[in-house]
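Chain by chain, the residues run as shown.
Number of protein chains: 2
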Amino acid sequence: MKQFNLKTPNLVEGKQQLKRQEILDYFNRTFSLDDELYKTLKDEKAFYMRADQLRHPLIFYYGHTSCFYVNKLVLAGLIPAPINPAIESMFAIGVDEMSWDDLNDKNYNWPSVDEVTNYRNTVKSTIIKLINELPLTLPINWESAFWPIIMGIEHQNIHIETSSVLIRQLPVEMLQNASFDAVYNTDEQPVQNELITVEGAEMQLGKPHGHHSYGWDLEYGTYNENVKEFKASKYLVSNAEFLEFVEDGGYQNEQWWTEEGWSWKTYKKSEYPLFWHKNGHSYKLRLMTMLVPMKWSFPAEINYLEAKAFCNWKSAKTGKKLRLPTEAEWYRLVEYSDVKDATEWDSAPGNINLEHYTSPCPVDKFSFGDFYDVVGNVWQWTESPITGYPGFKVHPLYDDFSTPTFDGKHNIIKGGSWISTGNEATLHARYAFRRHFYQHAGFRYIESEFEPKIRIDSYEIDEEVVISCEENYGEDYLGFQKYPLQLAELLKDQIENPADKKFLDLNCSTGRLAFEASKMFKEVTAIDTSARFIRPAIELQNNGLLRYVIKDEGDLQLYKDVLLEDIKLNNNTSPLHFLQDDAMKLKKKFSDYDVILAFNLLEELQNPTAFLSTIHERLNDGGTLILGSTYQWQESVSHKDNWVGGVKKNGEPVKSIEGISDILSSHFTIVSQPFDLQYATRKSSRNFEVNSSEISIWRKK
Amino acid sequence: MKQFNLKTPNLVEGKQQLKRQEILDYFNRTFSLDDELYKTLKDEKAFYMRADQLRHPLIFYYGHTSCFYVNKLVLAGLIPAPINPAIESMFAIGVDEMSWDDLNDKNYNWPSVDEVTNYRNTVKSTIIKLINELPLTLPINWESAFWPIIMGIEHQNIHIETSSVLIRQLPVEMLQNASFDAVYNTDEQPVQNELITVEGAEMQLGKPHGHHSYGWDLEYGTYNENVKEFKASKYLVSNAEFLEFVEDGGYQNEQWWTEEGWSWKTYKKSEYPLFWHKNGHSYKLRLMTMLVPMKWSFPAEINYLEAKAFCNWKSAKTGKKLRLPTEAEWYRLVEYSDVKDATEWDSAPGNINLEHYTSPCPVDKFSFGDFYDVVGNVWQWTESPITGYPGFKVHPLYDDFSTPTFDGKHNIIKGGSWISTGNEATLHARYAFRRHFYQHAGFRYIESEFEPKIRIDSYEIDEEVVISCEENYGEDYLGFQKYPLQLAELLKDQIENPADKKFLDLNCSTGRLAFEASKMFKEVTAIDTSARFIRPAIELQNNGLLRYVIKDEGDLQLYKDVLLEDIKLNNNTSPLHFLQDDAMKLKKKFSDYDVILAFNLLEELQNPTAFLSTIHERLNDGGTLILGSTYQWQESVSHKDNWVGGVKKNGEPVKSIEGISDILSSHFTIVSQPFDLQYATRKSSRNFEVNSSEISIWRKK
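These protein sequence lines are chains B and Y, in that order. According to the numbering used here, the residues represented by the first sequence are 19 to 719, in order. According to the numbering used here, the residues represented by the second sequence are 19 to 719, in order.
No lab work stands behind these hints, which were simulated from the structure alone. Be aware that a few hints might be false.
[What the hints assert, rightly or not] Straight-line alpha carbon distances no greater than 30 angstroms define the calculated BS3-like cross-link-like pairs of lysine-lysine that follow:
#	chain 1	residue 1	chain 2	residue 2
1	B	K667	Y	K667
2	B	K142	Y	K673
3	B	K142	Y	K287
4	Y	K666	B	K666
5	B	K147	Y	K673
6	Y	K701	B	K701
7	Y	K658	B	K411
8	B	K667	Y	K701
9	B	K147	Y	K701
10	Y	K667	B	K701
11	B	K673	Y	K701
12	Y	K666	B	K225
13	B	K147	Y	K667
14	Y	K411	B	K667
15	B	K666	Y	K427
16	Y	K287	Y	K302
17	Y	K673	B	K666
18	Y	K673	B	K701
19	Y	K658	B	K667
20	Y	K701	B	K658
21	Y	K673	B	K667
22	B	K411	Y	K673
23	B	K658	Y	K427
24	B	K673	Y	K142
25	B	K673	Y	K287
26	Y	K411	B	K673
27	Y	K225	B	K666
28	Y	K411	B	K666
29	Y	K147	B	K666
A quick note: this is a predicted structure, and the numbers were derived from the prediction, not measured.
Using the sequences plus the hints, can you model the full thing?
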């Protein structure tokens, strides 16, 4: 298979005039490898068989990768119109596992293999023409016209591997080796695994923008983790080692399994790994296109749930705390083992990129110093659910590549397999699957005293909350500065020597003003009545990262990442406490403040009049009370008797500011004339709300 | 009573240095007259008796007029604080007839008469001081500090009359004449009524701003009516003339009564007018403080419902079309009779302003040329429900003087009674009461072939509709021009020779753009799917006037009058048709247009895709289609399959503008790059919505 060497190209360095040819070669080799893969299907019938009852037949994947090029290039404006709308519609969606009713055969009327082959060829010619004709300047980056072309090639590389997994689930009699004949076909004496110590280190994960090779959006960003010392198994777990678990009744004993794992095991009635075929008392091993006598020296290929159960069982057996590595621990292993990245190889150091075998091979075949198979052979499951690194941005041409998997249910696999090509074979590669899913994936266990730090960093999607997030941390709209920054400036203007003062924000919402205030005041308490709203503030404070999704138009959405460092808040701030509490029933300890802010709070209170009548009790003498309100009184919130104004009293209209003055005058003097603070709230890309909040500033007598 | 001559002062002309004294005199005389009125109550008990079961006892009115001064002066900022908040709260509201549960005695704990008298004296001193000290410059107008003082005096004059009506309903044994001893106490031979012709004339009603005497807000504005010739009864209807109706079974015969009238009659079990007291087979007449033998020559004092029943009965008896006059017909009678206004009298030409009697007098006592009692003696009911004249504006210091009566249920009384003083005695006076209510009021009937033109001109209060009214006809907010005017400019820029072209506005809402278009195009059709929204447009087109109420803050509201002439639309416009129709199911006749506008329509349609696919059928070749949309697709409006964009199709995001282009491209070419039209929508004084509607312009191939 050496002819298909599929190293992803350097998009930054090199001679511009050679780069076009290099990309063209990469495209042609990928396309040809894809063609070759489908030649393992002996006849057309195999194209229409379900390898997995919840997945489309291979004919879908045969068409899908070509469709993808077209759809992305249309989206990018590089080709003017669809090539074959009927095919492109049929082959666009449905890559993933579905629910049973999506797959009703009646809903599909697949075209013939010839039709799809013709379509593939048309697309191929179109892309070749495009590669030859598009203006090309280095570096090629996210914004370059060549990016969606590379995206299509890498997408095809992914599907070469995932299709190979599907082929591995078709009946062997329908398959042939074709070009995939470099199968490692002998078995060797299984090795005894052992644990080797890896010292801890401060790890920085994430691919820098401007890196020389193509990356999917979720590879970028920066994430730091202090990896503690651990011990890792020298080898991937072999079929022989895994057999101990099977033979010890591992699949019959619920105690080793997570709840999710046991639920899966029960549903699938699994008793051993999927690619093991039991024949009486002996096992055979299913490879991609053939069934061979069990290779005990090969890595066990399992899903995460099985790997996790194995670790739990083995922990109990050995008295050691064994588990899978996190993503950061895997990178530590890479660093420890001094693994070169794919773009620096002359020849692959492991069983990867089809450079050695068209199958797995024994776990002791490729050494990287102390360890074996740090990359290659089979993917390695980790404990880490996938999520974007802080600073993650969605690529606009493929906005659902990553984010649907940021749900805490998709775990990362690392290291690549024998058939991982292109981007898949790079160290930055980050792929993730549902924990019950099968890929060419196995595992290495580690021993560690530390519970893995599980980051989900899911996206806030509560509609009202994300509107507040954008209002606090997003862009300025319609020429209005964000209201928390206007308030921060107000505090700067109005409060002398804030560094000596305690500040209370009584309606902190998603918290921006409180963060800003913590740059100025001695101490900041930020209270909101709603846990929904305060949660993002706390998340930003604790994790340095806040993610939310805002509405674009219709169903379309935009993904936003806010980093604490973006708002210059990682250093030099005072104690800042976010707390959920009811401003009407504040605990006694919330007293002795020098400055209290109640911005747009009155209209949210059940009794604003009572609030104003007692707020002086929280404030030190000479302290400052800052009120802001849009006076949007609602009977659903407060009884009309409790409104401070906006009603007739004794038949005369009472403006809210007059009502406020009446109530406050016994304990406060007004500092200056009330004035309006106008700010914009984004509801969608084309819809905004502008409020004018009247600010009044009061000094306690 | 001559000493109480209460002519409302000239606020425009005269010597400035004398004006202060003139106002002070007017205040003192009014206050003294009010004092005198309450001296008709023999003892304190009378203050606490209910003259009318649905009205407060007189103690309330005794305190109310003084409270009113204070509350208005506080509101105007002329006195810093309430004088006696407890009293001012208790006496502020409750002038009108109430429902029974508002009047539960337990809810009231009235102060003693002495306490209220003391309060009145304190207020009186305060006002005198204010009149002496306030800066005074002529003219005194709406904005002058003296206006609320005159307002308070005129308010007190009104209550002198309305309290006199309540006193008239107390038991006579509790009353004495006191200063009100100029009762007309003899009866005279009743005169035979007759009808006299009054020629028609073009009448202009409404008091000009800048008029020399005080006016309540509803007196201002301009209203034109072409009054047709009519005949009017020479005299007000006397008790003798009304007796014929009573004796003919008028109160037993439903056919003479309006539905409202019969309902009232049945509820009250009335058999003759309220102030007639039947004693065996003879009647006595109740005057303000005494019961006297029936004065058959006096005007019949009845409510509107009784007067109307009388006219219906008399029409049937005489075969003539008899009814009450409209307000405009009454003014025509004033003009015909050359009646001088109160401010021009030396002596009152009728039984008015307490200048002659402290009771009514025979209907043939005061002649005004051919007619008697054109003003004075008793008020005269009219057919006209009260409403503001076009151009009406609420006075900010008394925003509920008028508008609560603009409901079609309050009819105007004109001409004043023997006890009408101050503003009440002027020709511009406009008072109105519920049709079943009693004042010192009678009537004159007229014969006319013409159905009276009844204007209600009520205020649009539908929250969504008034927001659109303000968006179309109101102010500009946040620096954004109103969207219909932005669209009108767009039409000017984009459409050549509009005077030759037919224009279709498919989402006209409350119609401003259609009006603007009618200045340019040969013909305009304006369609909206909602009758609620199109109604104000039609009202403006037909009546030249549109009224609506917008939200200020809380419950507070602002009243808006829009005149067709304000938007320069009374001349030179083309045919303009407003129609309610569904843009998805337009009748065939809506075709052959040269320009079609669909602004913010797509998002309101059940199937925007179908709409775009067929809209070319309505347009002439070469015609222009202008689309605007905020793309706020909602599943509650249209099924997602019908959205033109804002969704993923074949897995790729499709922006709405791309979807529009796809659909329109078979019949249209795009004229220029789409662009955004931003506009603001006012929701309340402090809350706005800003939308950004994407405009695209298409030429039909």
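Each hint, compared with the structure:
no., hint, verdict
1, K667(B) x K667(Y), "violated (57 angstroms)"
2, K142(B) x K673(Y), "holds (27 angstroms)"
3, K142(B) x K287(Y), "violated (96 angstroms)"
4, K666(Y) x K666(B), "violated (52 angstroms)"
5, K147(B) x K673(Y), "holds (27 angstroms)"
6, K701(Y) x K701(B), "holds (16 angstroms)"
7, K658(Y) x K411(B), "holds (27 angstroms)"
8, K667(B) x K701(Y), "holds (24 angstroms)"
9, K147(B) x K701(Y), "violated (56 angstroms)"
10, K667(Y) x K701(B), "holds (24 angstroms)"
11, K673(B) x K701(Y), "holds (17 angstroms)"
12, K666(Y) x K225(B), "holds (29 angstroms)"
13, K147(B) x K667(Y), "holds (26 angstroms)"
14, K411(Y) x K667(B), "holds (22 angstroms)"
15, K666(B) x K427(Y), "holds (24 angstroms)"
16, K287(Y) x K302(Y), "holds (19 angstroms)"
17, K673(Y) x K666(B), "violated (49 angstroms)"
18, K673(Y) x K701(B), "holds (17 angstroms)"
19, K658(Y) x K667(B), "violated (49 angstroms)"
20, K701(Y) x K658(B), "holds (20 angstroms)"
21, K673(Y) x K667(B), "violated (52 angstroms)"
22, K411(B) x K673(Y), "holds (20 angstroms)"
23, K658(B) x K427(Y), "holds (28 angstroms)"
24, K673(B) x K142(Y), "holds (27 angstroms)"
25, K673(B) x K287(Y), "violated (46 angstroms)"
26, K411(Y) x K673(B), "holds (20 angstroms)"
27, K225(Y) x K666(B), "holds (29 angstroms)"
28, K411(Y) x K666(B), "holds (19 angstroms)"
29, K147(Y) x K666(B), "holds (28 angstroms)"
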